[in-house]
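First to last, the protein sequences are chains A and B.
The opening residue of the first sequence carries number 1 in the UniProt record's numbering; numbering runs sequentially from there.
The opening residue of the second sequence carries number 1 in the UniProt record's numbering; numbering runs sequentially from there.
Hint data in this document are derived by calculation from the structure and do not stem from the laboratory.
The beta carbon of each residue, even a glycine, is placed where N, CA and C say it ideally should be.
Do not rely on the hints blindly, as some may be mistaken.
Stated by the list, open to error - Label pairs and their calculated CB-CB ranges: (1) Gly108/B with Glu270/A: 27 to 35 Å; (2) Trp103/A with Lys54/B: 43 to 51 Å; (3) Arg104/A with Asn218/B: 39 to 47 Å; (4) Asp329/A with Lys54/B: 40 to 48 Å; (5) Pro106/A with Val307/B: 14 to 22 Å; (6) Gly63/B with Asp329/A: 37 to 45 Å; (7) Arg104/A with Leu102/B: 49 to 57 Å.
There are 2 protein chains.
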Amino acid sequence: MNDVAAIVADMGRRARAAARRVAGLSTAVKDEVLLRTAERLVEAKDRIRAANEKDLAAARGKGLSGAFVDRLTLSDRVIDSMVQGLREVAALPDPVGESPRLWRRPNGLTVGRVRIPLGVIGMIYESRPNVTIDAAALCLKAGNAVILRGGSDAIHSNLALAEILQEALAACGVPGDAVQVVPVTDRAAVLELLRLEDDLDLVIPRGGEGLIRFVVENSRIPVLKHYKGVCHVYVDRGADLEMARRICFNAKVQRPGVCNAMEGMLVHREAAEAFLPAMAADFREAGVEMRGCPRTCAIVPEAVAAVEEDWGREFLDLVLAVRVVDSMDEAMDYIARYGSNHTEAIVTRDYARAMRFLREVDASLVLVNASTRFNDGGQLGLGAEIGISTSKLHAYGPMGLEELTTTKFIAFGDGQVRQ
Amino acid sequence: MNDVAAIVADMGRRARAAARRVAGLSTAVKDEVLLRTAERLVEAKDRIRAANEKDLAAARGKGLSGAFVDRLTLSDRVIDSMVQGLREVAALPDPVGESPRLWRRPNGLTVGRVRIPLGVIGMIYESRPNVTIDAAALCLKAGNAVILRGGSDAIHSNLALAEILQEALAACGVPGDAVQVVPVTDRAAVLELLRLEDDLDLVIPRGGEGLIRFVVENSRIPVLKHYKGVCHVYVDRGADLEMARRICFNAKVQRPGVCNAMEGMLVHREAAEAFLPAMAADFREAGVEMRGCPRTCAIVPEAVAAVEEDWGREFLDLVLAVRVVDSMDEAMDYIARYGSNHTEAIVTRDYARAMRFLREVDASLVLVNASTRFNDGGQLGLGAEIGISTSKLHAYGPMGLEELTTTKFIAFGDGQVRQ
């Protein structure tokens, strides 16, 4: 076994051992670790900025893009948001130990499910060092040990943040192995981590589609992920067109680079003539490029003719695919074919079609008369989120604290044996 | 792409297309398919027996073991139990469409989770043809399409059962692609199935540890599985020793070849002198071989000295590892090291130790004063089960109908956009 494999395997074993301790921590101690980390972040701001500066200098030296350097930067604003995030997670209710219901079997055995931590979680992410703190906070609050593997370009920043976390854990008497940052930048470390099926219970990759596919293809450990968000709004015939304009504008323009932004707009042919010109005027003003089907282009002269690759594409930019459809069935077929099971919305006044859309569309969030931008743990009321899952097992949609736990069965007997 | 790959990929595509239809079926139609299948099984018994006879003749010709031939046999008793199983699943409540709770966000958006089918499930199992019917029934009732891949030695039996299912689906107007049996016996078909990550949502392997490891190592699709059941009973100091005898006897002897049978018995040293001789007498009478630690062997003369491999071993037979421990902590450390996260029980009179054992032991079912044999969907009150999961994601413990579903978020708005 080479060095990287040995280092990573040892981290896994230590995390597994720590997980038993972490699972038994009281809510008060877990919250104390989070609040103490927040305090230390503020106190040690200079140290963090200095470490971050090393990463930034290296990134600039390599000629990495401005957007990349931007994501890598631990500005005062980013540090403040980490501090704020820690305080919010500390304030959330602790899911561990909840037992919604006990029931009694005919033989008198009392049975129930009780919520428990998953155990050890591996986070694999790119060069946003703030994820180190955000993910550690959520995993820890849900009673898990965590191994964090951020992008190699953020290594100095991540190790500085790991030090802060270690100080907070030590101050609260919690084993340091509960939160570990992989110190190896070699990509082989990721592969080694994905092989530790005995010591890791879950892997969460966060980043581009390439990273996520790499993790899924190489992992023997269960993975929660989403590849991409190709979200649609369907504007029904008879819809309130003013409402439809506000919703579509918000879904596309409010933050175009995120996974719950609208990438495709579907318009019923009976609404198209009245809706598209006004909508196009709003989009024109905001600099949105419309790529339309022939019927769209006939109504909106400045729309560009869409090519096949535009349908189902995640633009992550002020670009939008637009198609006029003959029926809601056509819209739903389109979504089944080109959607990504992320977020789908209908704007309608019709009760039956609203209910059918809600029931039949397969996406982690389906909305009636609201913007796709609401697919977010905070917006839906789960508190913070560690990501959004578009695969169905365990979690479908935003993953909050509860999704970082599982349940076991417990049974209270008085001597029952099986007949 | 070769033939096997093409056949399996085509089955996946057809299953995915059928899944949308199956998800929308009413409970009444799904139940009708199950009851109709039960009727056809009775009517077509001779046809099934004839197909099964071909498999049995081939198995005998290959010199396969009596136990193997036994599992392969569709006797009247096995056919009756399939019929009974279908009727029981039809009588269970339909989980699809349940929404335990809706909540309202400050902006007026009403949000909730609603239970939906997983989509397409792949079942990979060995040569018990009754699994074909049992698994199809559960998957279908939960609104899923299913692809069934049984052992190659059961191919004629499985295809005959598939025909029955097809007749029932057709009679109820449900697409035949909802339930498909892989007609290819080549093992390559399993590998091809495990690559269909776009068309399958879940794979459930059932069989020996070798099959399950093969599936986990080769699958890009989420897998729910358990490798083995190494279950323990810990007899605490001060326990009711008569109760402990009854529970340990039941856990070991009632059905030794199953995953929830006891494989290791841990006895507090203060209970050992009084408990072990009487327990050993019961076991002797039942033909149970005890493999003990030195302290056990000193008390029970006929106990064989255990070797290291006996600790944590799944005997699946009338053999038992026995260890005397100094404390409950030692017992829990032993369970953490040698257990398989399946089922663990304590026999005690002490309230605090009972609660600590329930809280700290990591297993899919933890019991106080009851036999490990209760880890079963039917026994715990879930209705039928499709298997027991010892990994924590999605399901931990017996998997009933609910575990064959997931939830999506829905939101009822009246024009909300994100600020």
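Each hint tested on the structure:
Judged by the Cβ atoms, the range 27 to 35 Å given for Gly108/B and Glu270/A holds: they are separated by roughly 28 Å. Taken as a hint, the range 43 to 51 Å holds for the pair Trp103/A and Lys54/B, whose Cβ atoms sit roughly 46 Å apart. The hint said 39 to 47 Å for the Cβ distance between Arg104/A and Asn218/B, and at roughly 43 Å that hint holds. For Asp329/A and Lys54/B, the Cβ-Cβ distance of about 46 Å falls inside the hinted range of 40 to 48 Å, so the restraint holds.
Against the hinted window of 14 to 22 Å, the Cβ-Cβ separation of Pro106/A and Val307/B comes to about 42 Å, which falls outside the hint. For Gly63/B and Asp329/A, the hinted distance range of 37 to 45 Å is not satisfied, since their beta carbons lie about 57 Å from each other. For the pair Arg104/A and Leu102/B, the beta carbons lie near 29 Å from each other, so the given range of 49 to 57 Å is not met.
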